[in-house]
Amino acid sequence: MKTPLDPSRPLILPLAILAATTAGCRDAPEPEPVPEPAVTHASSGAFPVGESIALTITRGLPEHGTEHGIDLLYVDPDSPHFGTFLQRFTDLPYEGGEPPHHLYYSPTGRLYAAGLDPRCSLMLVDLRLELGKPVIEGVTCIPTHGHVVGEDILWRTVGGRELMYVTFMGGKGTGDMLGHGSVVAFDAVTHEIVAEIVDPDDPDDPDDTFIRYPHGITALGDTMIVSSTIVPTLDISSPRAAIGDTISVIDMVRHEVVETRVVDVSPKPEGELPSSPVEVLFLRPAIHPDLDPGVLVNTMFGGDIWYATYDAEREAPLGEFSRIYTGAREGTGVPLEFYAYDQKLYVSHGHPGVVKQYRLDRLPALEPAGPDFHADPGAHHLVFFETKAGRALMASQNNLLDLRDTLGMQLSAHTLTVHDLETGERVATVDFRETYGLGLANIVGALDSEGKIGEEWFTHHH
Amino acid sequence: MPRRSRSRSGAARSRLAGGALGLLGLLPGLLCCAPEPLPPPTPLPGFETPFYFGGFTVPADNPLTVEGVALGRMLFYEERLSADDTISCATCHQPARAFTDGRTLARGIHGARTPRNTMSLANLLWGPQRFFWDGRAVDLEQQAGQPIVNPDEMGSTWDEVIAKLERAPAYPASFEAAFGTREITPERVTKALASFERTMVSTGSRYDRYLRGELRLDPREQRGRELFMTHPDAKAGIRGANCIDCHSQFLTSGFAPEFDGFQNNGLDDDDQLEAGLMAVTGRSRDRGRFKAPTLRNIELTAPYMHDGRFATLEEVIDHYSDHVVSSSTLDPLIREAANTPGAPLGVTLTHDEKAALLAFLRTLTDHEFVHDPSLSDPGA
Chain A
2 MKTPLDPSRP LILPLAILAA TTAGCRDAPE PEPVPEPAVT HASSGAFPVG ESIALTITRG
62 LPEHGTEHGI DLLYVDPDSP HFGTFLQRFT DLPYEGGEPP HHLYYSPTGR LYAAGLDPRC
122 SLMLVDLRLE LGKPVIEGVT CIPTHGHVVG EDILWRTVGG RELMYVTFMG GKGTGDMLGH
182 GSVVAFDAVT HEIVAEIVDP DDPDDPDDTF IRYPHGITAL GDTMIVSSTI VPTLDISSPR
242 AAIGDTISVI DMVRHEVVET RVVDVSPKPE GELPSSPVEV LFLRPAIHPD LDPGVLVNTM
302 FGGDIWYATY DAEREAPLGE FSRIYTGARE GTGVPLEFYA YDQKLYVSHG HPGVVKQYRL
362 DRLPALEPAG PDFHADPGAH HLVFFETKAG RALMASQNNL LDLRDTLGMQ LSAHTLTVHD
422 LETGERVATV DFRETYGLGL ANIVGALDSE GKIGEEWFTH HH
Chain B
107 MPRRSRSRSG AARSRLAGGA LGLLGLLPGL LCCAPEPLPP PTPLPGFETP FYFGGFTVPA
167 DNPLTVEGVA LGRMLFYEER LSADDTISCA TCHQPARAFT DGRTLARGIH GARTPRNTMS
227 LANLLWGPQR FFWDGRAVDL EQQAGQPIVN PDEMGSTWDE VIAKLERAPA YPASFEAAFG
287 TREITPERVT KALASFERTM VSTGSRYDRY LRGELRLDPR EQRGRELFMT HPDAKAGIRG
347 ANCIDCHSQF LTSGFAPEFD GFQNNGLDDD DQLEAGLMAV TGRSRDRGRF KAPTLRNIEL
407 TAPYMHDGRF ATLEEVIDHY SDHVVSSSTL DPLIREAANT PGAPLGVTLT HDEKAALLAF
467 LRTLTDHEFV HDPSLSDPGA
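Protein chains in written order, with the working numbering: chain A, 2 to 463; chain B, 107 to 486.
Don't take every hint at face value.
[As the list claims (entries may be wrong)] Computed footprint of chain B on chain A; a stretch qualifies when at least three of its residues, placed anywhere within it, have a C-beta under 8 angstroms from a C-beta of chain B:
#1 108–115
#2 438–445
[Claimed, not checked] Some residues of chain B that are not near chain A, with every Cβ distance over 12 angstroms (derived):
#3 Pro292
#4 Ile344
#5 His473
[Claimed, not checked] Example chain B residues on the side facing chain A (calculated, C-beta under 7 angstroms, incomplete):
#6 Thr155
#7 Tyr158
#8 Gly160
Hints are computed from structural coordinates only; laboratory data are not their basis.
Virtual Cβ for every residue (Gly too), placed ideally from N, Cα, C.
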């Protein structure tokens, strides 16, 4: 679906720099009381292995007077606890504003959250087991030294040093002003800043390299690719300046942008917005041994999936992008996440709320690997798990930034839908808004039915 | 720490009542002085483990309790468990050696040589929940009992053990504290031992501190970690030592489900291959498969392998690099792991890579663990 937006209408949404005053920005009706979320505790003794538990980020909704939180949620539909919280942790390092955004496990098993709220753009979540029971002990802000609106995180060892790369869509923002965005390399252990990659666009230089509102991140060898999505305020009254349409290639040894390439170079009709690349995925042997290096890109406003070859031996390693999926033709829009899991590539599309699956070994050809999963509007982050009974399931978090119908599409069902990976059947639904008065902002696995952190949960859309 | 009050036992009180009141008074005496129900044993407080270790299972009929663990610790160091009162569990499982004995093959009473190298004890709640090198024990309770009555190990009988423990002043009360009555049974002995073993949690190594973000590994250790965690792919130019395929990332033990944590790691050819897991399953495809042990404290647990054939870690690394032996049940992930296309079996590490791997393995040493007072001999 092509962008059904009126670009003359500024979409100033409660993101990022506005986050601190979010509650006041939205015309919130009187809070509707909702019952306190049910928190299920195991009986005395060691916490039983066998439950599938996920970590969620929940968004407090002004109309319900609820609080943001990071939570532990039972996700096995066969469990009597399904859809209830093992724990809701609402003691975040700041009040109100925006909730944390993305959750990532580091390769060392530590849990991080990127944050949209400029008061805390990167967080470390203290997660423990007490007699085997998962417990969120606390959340601390990691100093980002002015870089705001944290999005994606990626870990790599570069020159013998473990680094944690974070895309900051707001860049080094101060006050009401946001930067062009930045990619920051932190020491993965001490969280010291090792490098700041800030390369603003020079509109007068057609050969200029730059990064702007970086969001998606993926890497192969010493090469990193980031996408340019949208100004974090989502104010698109000046769409060319506010919406990204490029991919930038970064040399991770020199920490320099070496190439910036427009994804969709086709002429645009008047009023059509830039494509807004969002998540990116390096096709590489680690995902499937038969894959040749290449890059997949989801374009949030374009609605499409694009592919470019990658050859490190070429002078310009990244090839031209070609469209391999056309959202308008397929009746989908707002493609968001890529997940490579168990021989398949899963792509979530916020509109109408569907997850598609393709054979990994056939990429970049998008050969369907099974039926579509019909989730709910805003289909976004996914978690894959096997239940104690042996069912292979996928849970879809269905909400994009609480945008609701702002884009002319419903994008915020605030539901968790659970799907059978073999049959495609939707087997269960939890309506967070109706049940708990909460929005659902993110999901990642916590403990699987064998009591482990699933290996696949370590690679979140990169 | 909450402690339950210690009152005289109900049985002792009953005897007093009977003697004072005579036959006529016996029945009312028993009724009025029936044993008070003991409060339940105290759940083990503060048993916190790293999230990345994952969940674990404790048998429902043997919960972790303060009293059960304390009793298990006494029993672990108790030489009266052996026929001639000379050997305790700790004889072979010495804390300073990460609960091993430094011998090629463990020795039992009268110096009898057992066929196996002593396994290290650490983080037993995780990894394969099958115990001994060949996995013949299905839980720690079962494991704890077998050496006591094995003629080549402690050489005792349960009747002897129970009689000796009943005569020892400290034990009846300790059993009562842990299990509610003074009765001593084989089941209670093994339950207590298993409880104590479950508290042997090693999380204080340099590697753990690195995982917690408290220190940075030096470049050589870091390179060794990368090699440890990487399955080599010669086609893609990815070099690795292939350890991760058998030794999990955080625990460095074998993988838990079923017999996943048992491998034939290329020590012998078909003619020399021992039964290993086949002795338990009866399946020929399990011949030569042994439990992948935890590598926690590996620096302290020489010699190595199920038969202690390698004296040093360098020899172990050389084996996986250059001396893997083919056999019909050789683990497929070892068979196909190669850093050099067309090379013979083994990952053919360079000198520097071997040194790096060794440096990483040494980060797994947990001095806090091996000197943990709560794991030491309570009578020392």
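Do the hints match the structure? See the list:
1. 108–115: Holds, because 4 residues of the stretch 108–115 of chain A bring their Cβ atoms closer than 8 angstroms to Cβ atoms of chain B.
2. 438–445: Contact hint for the stretch 438–445 of chain A vs chain B: violated, 0 residues under 8 angstroms.
3. Pro292: Check passes; 23 angstroms lies beyond 12 angstroms.
4. Ile344: violated, 8 angstroms
5. His473: holds, 21 angstroms
6. Thr155: holds, 5 angstroms
7. Tyr158: At 3 angstroms from the nearest chain A Cβ, Tyr158(B) passes the 7 angstroms test, so the hint holds.
8. Gly160: Hint holds; Gly160(B) Cβ to chain A Cβ min 4 angstroms, cut 7 angstroms.
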